[in-house]
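A.B. asks: Please put together the full structure from these sequences, using the hints given.
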Amino acid sequence: MTPEEFDTALETDRGTTEPAMIVDVEGFEGPLDLLLALARTQKVDLAKISILALADQYLNFIEAARQLRLELAADYLVMAAWLAYLKSRLLLPESAPGEGPSAEEMALALAHRLRRLEALREVATRLMDRPQLARDVFARGAPEPIAEIRQSEWTATLYDLLSAYATQRAKSALSRVRFKKRTVWSLAEARAALERLIGTSSDWSRIDAFLISFVVEPALAATVMASSFASALELVREGVAEIHQKESFAPIYMRKRVGMNASAATHDAQENG
Amino acid sequence: MPSVAKKLVIVQNNDAAAEPSAPVAARPEELRLLEALLFAAGQPLDEATLARRLPDGVNVKEALAALKAEYATRGVNLVKVGKKWMFRTADDLAWLLTKETVETRKLSRAAIETLAIIAYHQPVTRAEIEEIRGVVAAAGTLDVLLRTGWIRPRGRRKAPGRPITYGTTEEFLTHFGLEEVGDLPGLEELKGAGLLEGNLPAGFAVPVPSDDSALRDDEDPLDPGDLDLGLAPPPSRES
Amino acid sequence: MPSVAKKLVIVQNNDAAAEPSAPVAARPEELRLLEALLFAAGQPLDEATLARRLPDGVNVKEALAALKAEYATRGVNLVKVGKKWMFRTADDLAWLLTKETVETRKLSRAAIETLAIIAYHQPVTRAEIEEIRGVVAAAGTLDVLLRTGWIRPRGRRKAPGRPITYGTTEEFLTHFGLEEVGDLPGLEELKGAGLLEGNLPAGFAVPVPSDDSALRDDEDPLDPGDLDLGLAPPPSRES
Chain A
1 MTPEEFDTAL ETDRGTTEPA MIVDVEGFEG PLDLLLALAR TQKVDLAKIS
51 ILALADQYLN FIEAARQLRL ELAADYLVMA AWLAYLKSRL LLPESAPGEG
101 PSAEEMALAL AHRLRRLEAL REVATRLMDR PQLARDVFAR GAPEPIAEIR
151 QSEWTATLYD LLSAYATQRA KSALSRVRFK KRTVWSLAEA RAALERLIGT
201 SSDWSRIDAF LISFVVEPAL AATVMASSFA SALELVREGV AEIHQKESFA
251 PIYMRKRVGM NASAATHDAQ ENG
Chain F
1001 MPSVAKKLVI VQNNDAAAEP SAPVAARPEE LRLLEALLFA AGQPLDEATL
1051 ARRLPDGVNV KEALAALKAE YATRGVNLVK VGKKWMFRTA DDLAWLLTKE
1101 TVETRKLSRA AIETLAIIAY HQPVTRAEIE EIRGVVAAAG TLDVLLRTGW
1151 IRPRGRRKAP GRPITYGTTE EFLTHFGLEE VGDLPGLEEL KGAGLLEGNL
1201 PAGFAVPVPS DDSALRDDED PLDPGDLDLG LAPPPSRES
Chain R
2001 MPSVAKKLVI VQNNDAAAEP SAPVAARPEE LRLLEALLFA AGQPLDEATL
2051 ARRLPDGVNV KEALAALKAE YATRGVNLVK VGKKWMFRTA DDLAWLLTKE
2101 TVETRKLSRA AIETLAIIAY HQPVTRAEIE EIRGVVAAAG TLDVLLRTGW
2151 IRPRGRRKAP GRPITYGTTE EFLTHFGLEE VGDLPGLEEL KGAGLLEGNL
2201 PAGFAVPVPS DDSALRDDED PLDPGDLDLG LAPPPSRES
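Protein chains in written order, with this note's numbering: chain A, 1 to 273; chain F, 1001 to 1239; chain R, 2001 to 2239.
Any given hint could turn out to be false.
Calculated lysine-lysine pairs in the DSBU-like style (CA-CA distance at most 30 angstroms, straight line) [stated by the list, open to error]: (1) R/K2191 to F/K1061; (2) F/K1191 to A/K48; (3) F/K1080 to R/K2191; (4) R/K2191 to A/K171; (5) R/K2068 to F/K1068; (6) F/K1061 to R/K2099; (7) F/K1061 to A/K43; (8) F/K1068 to R/K2061; (9) R/K2099 to R/K2080; (10) R/K2080 to F/K1068.
Among chain R residues calculated to face chain F with C-beta under 10 angstroms, some are [said to hold, decoys possible]: (11) L2031; (12) R2053; (13) T2089; (14) L2093.
No lab work stands behind these hints, which were simulated from the structure alone.
Being a predicted model, the structure only gives us computed values, none of them experimental.
Glycine included, every Cβ here is placed at the ideal spot set by N, Cα and C.
C.D. replies: See below:
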């Protein structure tokens, strides 16, 4: 039974002193709800409601329920006891003022609670009547996901860098003391190169300038120089070429042998060798 | 009869300009961008997020206002819910679209009332909810509401027993299309009638609901374990 | 200069009519309905479905065409895919719907060592790096370093096989807060900082690095195809 049905059931019996025989508290959400339903039968603004009359209605209702041996929740009985007390206070002249709230104040507080519950129910209805998302109004049915582009940002500190470098350099230096394989320019290679040199010109050519063109890696300079010099001396000894150097550490020149100057060149070369 | 005034107006008729009818003041590109972002998003977006995605120098507030006005009469409206913006179908088109949805879970009367009490009286404790309803809350009511994601435990009342206080969430605002709890229907009437006061003595300031996550003076933060007790499950999505 | 004609026009200024400015040719309601239906739909809808949902007598084809035209210049377009219609973000705004997230990753030990050797010994070939490290480089190490943008292939060594030489970039300097690569600490400084300890063999040296972009005498320029060989791929996109 809904409160509305109860209302009508009760209304038909209004005017008789006998309480309604159709009693059902199932439909009520507690004593306040029952009181509110009863209050509505007074058909007046809740602000002007007669609490005394309401208390009577409630007590009659409870009494009827008891006669029918209906089991009532404790809440309802507590309210009944309180209303009976309130009723007695309202009927009797106020005896000791200042001792707790007066009967009038208690009645007003009850009326306030009833009005508050009623108002709340009304706004609750209005709230639920609002267009609700996914019931009345709808968001985009097929949202387009935001594509995530993950970009890696690498981190490394200068300390990481330096310590990695130092550690691994030190480690490899200590653990792998080894002799570097030496790249050497063979005498044969040097001789062939020199023969090509003196073959192209009968004038003096600087050996070092010529040799530079063969030296790709600086590390090879020494071996190229040494092999070339040795080959040059060999060529001079064979009388194929002559070399010339003005002073110690000065550039060495070389040319195809052309008679007279040979001995001087050889002499110079020997001196510097 | 309205008065009819006659006026003489000199119109400079510039032929050249009149010929290729000038396009209606070109629509600013930022409206396109905003439109795309908000249409694509599955969730409401706040202004800061939008600003971050838009080119520098775009006045997001103004652009949103312009876009909202543009869409006001359309089948899809731009609405502000909480501090966020989203496109939604127009309120009056529910009839057209409701067929589309599976019957949404119906809340019990107790749950609806409890939700309303939390919305209008927040922050509010379970005892206060029971006081207003005049009935002991059924065990499942708060649970059901927590599961909707519309309410959340927000703190603890500085009172004996330190009861948990409840408030509404951003999802609540989104679901009911509210910009803020101050826009709750009937709030003004309730306030005017002094019905938000609870049982406070007269002359006490009228409380106004607030879902401001800042705690009130009479609230303590939740205890560390409170949120792990299943009190606030992740906002459930309705499918 | 376009000719400017002056005209005298008598304007009847009807005050009453002027007040509530008449709405520009009212937009047909069916466009609102279509808009809402297509917006809320979880998947593209075909014309038959749309027709069933719309009031009788609506010319769906025409309405769709009108709606498509309306949205053509917007951030969201109405598009037909197959026989079905849907709203979709404008093609040119795809960039807007991507989010770039930056995840920081630590370089592996091998990568850091390799980077350090490149920094100190540049220009240096892969074989030389392996020689210095005493380890064959893992396949991905140089790749990862190229992706950081901190190293670059700078030329080819004039030697058999013409191996690629690597050097550091400006980004390398920026990242490590160096003004120039020559600021990298030398042997004495490394010792002073306690990074190099123990008995180092005589002749142990730390080169004075230089990232001068001019090719060395023993370097050839890169071959035309070198940079396209995936040696320096654009920042990889992971989805």
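A.B. asks: Hints first: check each against the structure and report whether it holds.
C.D. replies: Verification of the hints:
With a C-alpha separation of about 60 angstroms, the suggested pair R/K2191 and F/K1061 falls outside the 30 angstroms cut-off, and the hint is violated. Proposed proximity of F/K1191 and A/K48 is supported: the alpha carbons are some 19 angstroms apart, at most 30 angstroms. Taking the CA atoms of F/K1080 and R/K2191, the gap is near 64 angstroms; set against the 30 angstroms cutoff, the hint is violated. The hinted pair formed by R/K2191 and A/K171 meets the criterion: a straight-line CA distance of about 14 angstroms does not exceed 30 angstroms.
In summary, the hint linking R/K2068 to F/K1068 is supported, as the alpha carbons are separated by about 20 angstroms, within the 30 angstroms threshold. Of the supplied pair hints, the one linking F/K1061 and R/K2099 holds, its CA atoms being roughly 22 angstroms apart against a limit of 30 angstroms. Of the supplied pair hints, the one linking F/K1061 and A/K43 is violated, its CA atoms being roughly 51 angstroms apart against a limit of 30 angstroms. In summary, the hint linking F/K1068 to R/K2061 is supported, as the alpha carbons are separated by about 28 angstroms, within the 30 angstroms threshold.
About 27 angstroms separates the Cα atoms of R/K2099 and R/K2080, which keeps this hinted pair within 30 angstroms; it holds. For the given pair, R/K2080 sits about 26 angstroms from F/K1068 by alpha-carbon distance, which is consistent with the 30 angstroms threshold. This hint holds: R/L2031 has a C-beta 7 angstroms from the nearest C-beta of chain F, less than the 10 angstroms allowed. Interface restraint check for R/R2053: the shortest CB-CB distance to chain F comes to about 7 angstroms, inside 10 angstroms, so the restraint holds.
Proximity of R/T2089 to chain F holds as hinted, the smallest CB-CB distance being about 5 angstroms (cut-off 10 angstroms). Annotation: interface hint on R/L2093 holds; nearest CB of chain F at approximately 5 angstroms, less than 10 angstroms.
Violation of the numbered hints given earlier is confined to hints 1, 3 and 7; the remaining hints are satisfied by the structure.
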